[in-house]
Amino acid sequence: MDHVIEARGLAKSFAGAEAVRGVDLTVRAGEIVGFLGPNGAGKTTTLRMLTTLLRPTAGTATVAGHDLIADPAGVRRGIGYVAQGGSTNPSCTALRELVLQARLYRVPDAPARSRDLLAEFDLADRPIGSMSGGQKRRLDIALGVVHRPAVVFLDEPTTGLDPQSRSALWDHVRRLRERHGTTVFLTTHYLEEADALCDRVLIIDQGRVIEEGSPRELKARLGGDVVTIEISGDVPHARSALAGLAAVREVRVTGRTLRLTVAPGDRILIELTRALDAAGVEPLSIRHTRPTLDDVFLALTDRKAAAHAA
Amino acid sequence: MPRDTWLLFRHQLRLTLGGWLGLLFGVLQPVLNLVLFGPLLGSYLGHDSWQIFVPGVLIQLSLLSPGLAGFGIVFDARFGVLERLRVTPASRLALLLGRVLTNTVVLLGQAALVIAVGTAFGFRVPVTGLLIGLTLLLPLAAGLAALSYAFALALRRQELFAPLSSTFVVPLLLLSGALLPMSTAPGWLDAASRATPFRYGADALRAAFAGHYTSGTLTAGLAVSAAFAVAALAIGTRTFTRQNS
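Respectively, the protein sequence lines represent chains E and Z.
Under my numbering, the first sequence has 132 at position 132, and the numbering climbs by one with no breaks.
Under my numbering, the second sequence has 203 at position 203, and the numbering climbs by one with no breaks.
In case anyone wonders, no lab produced these hints; they're calculated from the structure.
Note that the structure is a prediction, hence the values are computed from the model and not measured.
Here a beta-carbon is modelled for each residue, glycine too, at the ideal position from N, C-alpha and C.
Hints may be right or wrong, so weigh each one.
[What the hints assert, rightly or not] Examples of chain E residues toward chain Z, derived with CB under 10 Å:
#1 53
#2 74
#3 82
#4 87
#5 91
#6 97
#7 101
#8 104
#9 145
#10 147
#11 153
#12 190
#13 269
[To be verified] Distance ranges between label pairs, derived from CB positions:
#14 230(E) <-> 156(Z): 57 to 65 Å
#15 242(Z) <-> 167(E): 35 to 43 Å
#16 20(Z) <-> 167(E): 52 to 60 Å
#17 159(Z) <-> 257(E): 55 to 63 Å
#18 57(E) <-> 216(Z): 47 to 55 Å
#19 160(Z) <-> 178(E): 43 to 51 Å
#20 2(E) <-> 163(Z): 53 to 61 Å
#21 15(E) <-> 75(Z): 23 to 31 Å
#22 187(Z) <-> 17(E): 46 to 54 Å
#23 230(E) <-> 77(Z): 56 to 64 Å
#24 60(E) <-> 191(Z): 51 to 59 Å
Chain E on its own, in the form it takes in the complex:
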């Protein structure tokens, strides 16, 4: 099975208002895909459709080899779903929740599988009410993968966690793929999380996927690198020397500072210093900044907002 998730024109409206307006997406086996978007963009609604919790108003999808509309029970057997707000009863213990979950999925030897999962996710069998936020979140994920699903959906897995718990959780998610080949589809609004964890990112805004690619590609395509150069000599002269270079897209001048938007590349600083040398300009400082996914995201959603307002 090459494509674990394949959705075409998936849409959902609530009482006439369109929450999701036709989402197309494809996720290959073994990928970790991030679904990014501002609050209210349609992330959770899309996820709830793909996990059979919401019936789409239009569109088709195949998830884990089963048709979403015709065979929701088949989809449920092949997926794991970890909801945003947690999934456990604080007065129950970790092992009992796991054993119940394993039995509902008809996992052979449910108690053994459950104990293995406690170990795999660094958890002790304790009352869930006494666990830390990070431990509860890891238990949520363990519950989601108890039946070794082909694909696991994580809805904002690290929201509200401290930085340490967050990076521990990232390790667990990576390990799922490394050890079991699990495909992971996660929503997040932490771009840093998508950057650290995802092979590919889909950006959704106002109910539609507006951009997709690896974090690196997106940054290269949409962000561009920025080089800031401060000089002591003739500013217009320096400007014309640099503006002619193929890699330079735009030059802006503020006082003695030139701000260049350039094509991403590791040799850009070398080219720029050589050009300045050749023109006889002495740079005081050169600073190279790479865009973050935040820059990409803001650029995209700004552009959309502007187009929408026009």
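Start from chain E and add chain Z according to the hints.
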């Protein structure tokens, strides 16, 4: 489906028994009724008062305890447990039945305690009458629990569950004739009472405990109880099966 129901029932029952303090307080009110109000009733109704009052307390118990069952699912919905279970292959009917079965078994235990305390005060019931009485009582309780869950799930503002469900349960209790038999009620109250299922339950329970096994009252009570349970479980299942929209 039966296996999922059994799994969820066992899980739920263990959780419920773990919260034994809640169970104790659940049965405390009917038992206090028995102890603090029963003897007073005796001075009005004579020495037969326990025969009338103990079935009444059982009806009260089977209204109050399953009537508030939906409370549990409000919490499960908030904790995300319900949604987690809805993504598993477990049948939707099993998600409901596992809980309803738990409530029914808990009620059985509480009823046993009420009957034991009543017996200490002088209440007497033939074994056949007791078994018929429970056959009548348990479907009523199961049906009410199913309705309570359906109501809790359908309610958008779930913080209103407790006040709203008491608003339904208390009139049902008063109209059932559980506290005092409806036979002495004015005509209009008697008529209103006959519009509620628990009226038939209370009358039939008293008939069964008194050994009137062939009376029309008992037959009517059993029929109403069964019909109520079937209708309530159908409504409950529909609510559980429906996808969120």
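Notebook entry, point to check: Checked against the structure, which of the hints given earlier come out wrong?
Noted result: 9, 12, 13 and 16
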